[in-house]
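For the record, the sequence lines run as chains Y and C.
Numbered according to the working numbering, the first sequence spans residues 1 to 335.
Numbered according to the working numbering, the second sequence spans residues 1 to 335.
Simulated from the structure, these hints should not be mistaken for laboratory data.
Computed from a prediction, not measured in an experiment: that's the story for all the values here.
Heads up, a few of these hints could be off.
No copy labels: a pair is met if it fits in one copy or bridges any two.
Under the rule of at most 27 Å between Cα atoms (straight-line distance), these lysine-lysine pairs were calculated in the BS3-like manner [as the list claims (entries may be wrong)]:
id, residue 1, residue 2
1, K221, K300
2, K113, K320
3, K53, K107
4, K330, K57
5, K119, K330
6, K320, K308
7, K77, K107
8, K330, K218
9, K201, K320
10, K330, K210
11, K119, K107
12, K308, K330
13, K330, K27
14, K5, K181
15, K173, K292
16, K210, K300
17, K57, K256
18, K308, K326
19, K320, K53
20, K181, K291
21, K326, K57
22, K113, K210
23, K201, K53
Number of protein chains: 2
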Amino acid sequence: MSDQKVILTGDRPTGALHLGHYVGSLKSRVELQHEYKQYIMIADAQALTDNAKTPEKVRENVLEVALDYLACGIDPKLSTIFIQSQLPQLPELTQFYLNLVTWNRLKHNPTVKQEISQKGFGESVPAGFMTYPISQAADITAFKASLVPVGEDQLPMIEQTNEIVRNFNRIYKCRVLWTCKAHIPKVGRLPGIDGHAKMSKSLDNGIYLKDDEDLLRKKVKKMYTDPNHLRVEDPGQVEGNPVFIYLDAFGHDTKKIQELKDHYQRGGLGDMVVKNYLFEVLNEFLEPIRKKRKQLENDKSEVMSILKAGSEFAANTAQKTLDEVKQAMKLNYFG
Amino acid sequence: MSDQKVILTGDRPTGALHLGHYVGSLKSRVELQHEYKQYIMIADAQALTDNAKTPEKVRENVLEVALDYLACGIDPKLSTIFIQSQLPQLPELTQFYLNLVTWNRLKHNPTVKQEISQKGFGESVPAGFMTYPISQAADITAFKASLVPVGEDQLPMIEQTNEIVRNFNRIYKCRVLWTCKAHIPKVGRLPGIDGHAKMSKSLDNGIYLKDDEDLLRKKVKKMYTDPNHLRVEDPGQVEGNPVFIYLDAFGHDTKKIQELKDHYQRGGLGDMVVKNYLFEVLNEFLEPIRKKRKQLENDKSEVMSILKAGSEFAANTAQKTLDEVKQAMKLNYFG
Chain Y
1 MSDQKVILTG
11 DRPTGALHLG
21 HYVGSLKSRV
31 ELQHEYKQYI
41 MIADAQALTD
51 NAKTPEKVRE
61 NVLEVALDYL
71 ACGIDPKLST
81 IFIQSQLPQL
91 PELTQFYLNL
101 VTWNRLKHNP
111 TVKQEISQKG
121 FGESVPAGFM
131 TYPISQAADI
141 TAFKASLVPV
151 GEDQLPMIEQ
161 TNEIVRNFNR
171 IYKCRVLWTC
181 KAHIPKVGRL
191 PGIDGHAKMS
201 KSLDNGIYLK
211 DDEDLLRKKV
221 KKMYTDPNHL
231 RVEDPGQVEG
241 NPVFIYLDAF
251 GHDTKKIQEL
261 KDHYQRGGLG
271 DMVVKNYLFE
281 VLNEFLEPIR
291 KKRKQLENDK
301 SEVMSILKAG
311 SEFAANTAQK
321 TLDEVKQAMK
331 LNYFG
Chain C
1 MSDQKVILTG
11 DRPTGALHLG
21 HYVGSLKSRV
31 ELQHEYKQYI
41 MIADAQALTD
51 NAKTPEKVRE
61 NVLEVALDYL
71 ACGIDPKLST
81 IFIQSQLPQL
91 PELTQFYLNL
101 VTWNRLKHNP
111 TVKQEISQKG
121 FGESVPAGFM
131 TYPISQAADI
141 TAFKASLVPV
151 GEDQLPMIEQ
161 TNEIVRNFNR
171 IYKCRVLWTC
181 KAHIPKVGRL
191 PGIDGHAKMS
201 KSLDNGIYLK
211 DDEDLLRKKV
221 KKMYTDPNHL
231 RVEDPGQVEG
241 NPVFIYLDAF
251 GHDTKKIQEL
261 KDHYQRGGLG
271 DMVVKNYLFE
281 VLNEFLEPIR
291 KKRKQLENDK
301 SEVMSILKAG
311 SEFAANTAQK
321 TLDEVKQAMK
331 LNYFG
């Protein structure tokens with residue numbers, strides 16, 4: 001393996017990607033792909049851990065997510081985009097790592113506990129969902145990733161991975177697996193258009209990379225702003241106001257944005273004026289992405305070729321790690 | 001897949017095989033291989049679920065078990081002997097099945113619960129051990145086995161497998177997976193030479209297929225018999241007496257065995273006389289097995305070739321099932 005540092009990142013294909021994804025991860029991936037060897041995993045197998053009954057949803061969204069990646073500037077020459085389920089090496093590694101983690105440890109993973117409660121699983125949580133931190137350790141270690149971009153709530157996952165790495169290397173007296181570090185993006189989250197702290201598919205409060213001009217206009221128009229800013233002449237609040245948060249995230253004309261903020265805070269600036277400007281800003285940002293996406297949608301076989309080549313390349317890397325793992329475990333019977 | 005009925009069976013490679021294995025499973029495998037397509041799995045991956053820290057033990061015993069199989073009459077032309085860890089298809093299937101079983105269901109598997117208590121795992125049971133019934137479902141279904149030889153205590157495993165099969169076929173609207181039936185051998189268990197109900201490595205009370213004449217003589221000599229048969233002239237008990245149970249299992253001269261039993265029960269027959277005869281019977285049974293085993297030990301590369309070819313053949317069969325499974329789950333992205 002080369003000395004280039006490796007990133008493992010990705011998304012569960014349960015929906016198309018939105019501006020929240022862009023701010024939270026896509027943007028930094030587009031930047032980091034020049035510096036790092038970046039593996040971007042479309043985590044269909046992981047998505048199935050709590051979508052086992054709707055595989056068609058997962059299947060469809062694999063393509064959606066891939067289209068979004070390519071449209072927003074992930075370059076398959078720099079980044080390896082692959083489909084998780086196409087790498088048998090990952091469940092093979094998972095199988096071995098499952099023996100290094102106690103049942104008790106799994107039960108007390110804070111991230112999983114919180115997710116179980118959010119999803120209302122209770123006792124009927126699928127075993128695959130409970131064990132997905134181990135499968136994630138396989139994803140990360142297969143590529144000897146040193147950096148894994150995650151939200152703060154995912155830090156226990158990184159901890160679990162490094163615990164497995166240390167246990168494996170100690171038990172099998174080797175240095176095959178590498179520990180990794182979490183990379184927490186500076187701009188964490190973009191609020192939803194309804195003002196909810198998180199933009200998410202399930203809350204139906206997102207602006208998607210593929211939204212057309214009309215839909216974008218509608219969504220911006222109905223955006224939540226300062227609920228106390230009832231009359232134009234009233235002073236409005238800028239802090240925590242999604243419209244201004246979006247402007248800060250996507251606008252380039254910082255001088256103009258500052259002027260708008262000042263005016264809004266003084267009073268005399270209507271929400272619609274700010275929203276019209278935000279629409280322009282977002283539309284300018286989304287237009288080239290939409291155009292690239294349309295073009296790719298008309299050549300899906302090209303996209304599938306990229307995913308196939310990426311999956312083959314990733315499988316090749318993962319196989320090297322798996323071979324080392326099996327050798328360390330003395331499971332290399334046939335040389 | 002041909003219409004020939006399929007058996008999936010096997011052993012965890014944690015020690016060489018003994019007479020208990022022969023009576024409980026090897027004997028019927030040697031018979032059944034003419035009637036069924038028989039896959040015999042050396043379950044190294046499963047053995048690692050509670051031997052993760054001693055992989056060299058598992059590794060060494062893969063060869064030991066293979067030698068025992070071949071020495072006692074498993075014919076690689078009729079039966080496919082393979083090493084579990086060499087089939088990536090099995091953890092791939094496991095990964096998907098884990099999503100169809102709730103955590104709660106896993107926790108309450110009676111066989112696993114009993115084993116956890118026997119092994120004194122408590123809360124520190126490895127996650128891989130807790131989930132091994134799912135991995136076993138993968139082993140069975142990968143070959144579309146209709147018959148699985150198990151002890152009575154393993155019946156919940158078959159139930160769990162069939163539950164997964166029914167769930168899978170229902171959820172993914174297909175008939176890809178096949179249910180199986182348990183095959184419970186008539187002669188269940190051979191007691192240990194210490195009189196314990198079960199012959200087992202951990203109790204150190206077994207006679208091994210590879211034991212030489214001297215060791216066999218010693219073991220038979222110290223066998224537990226009727227503890228109340230103190231003097232030769234006393235009547236002795238035949239029922240539950242390991243020496244007679246072994247004679248019934250391995251002797252051919254039923255008339256002579258009956259005479260010995262009658263004499264023992266009347267009194268006047270010393271243990272040593274019966275034991276000397278048992279030694280002869282067992283030695284006659286083991287001699288050709290030992291001879292074949294010696295010959296194979298001198299040509300280990302031949303044994304490894306058999307395991308390699310078997311693993312490749314088995315992987316091929318399992319891959320067909322996995323392809324069908326992935327198609328049913330719509331994970332067949334690249335045709």
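| said: Let me make sure I understand: some of the numbered hints might not hold for this structure. Which ones are they, in numerical order? | reply: Result: hints 1, 2, 7, 8, 9, 13, 15, 17, 20, 22 break, sorted rising.
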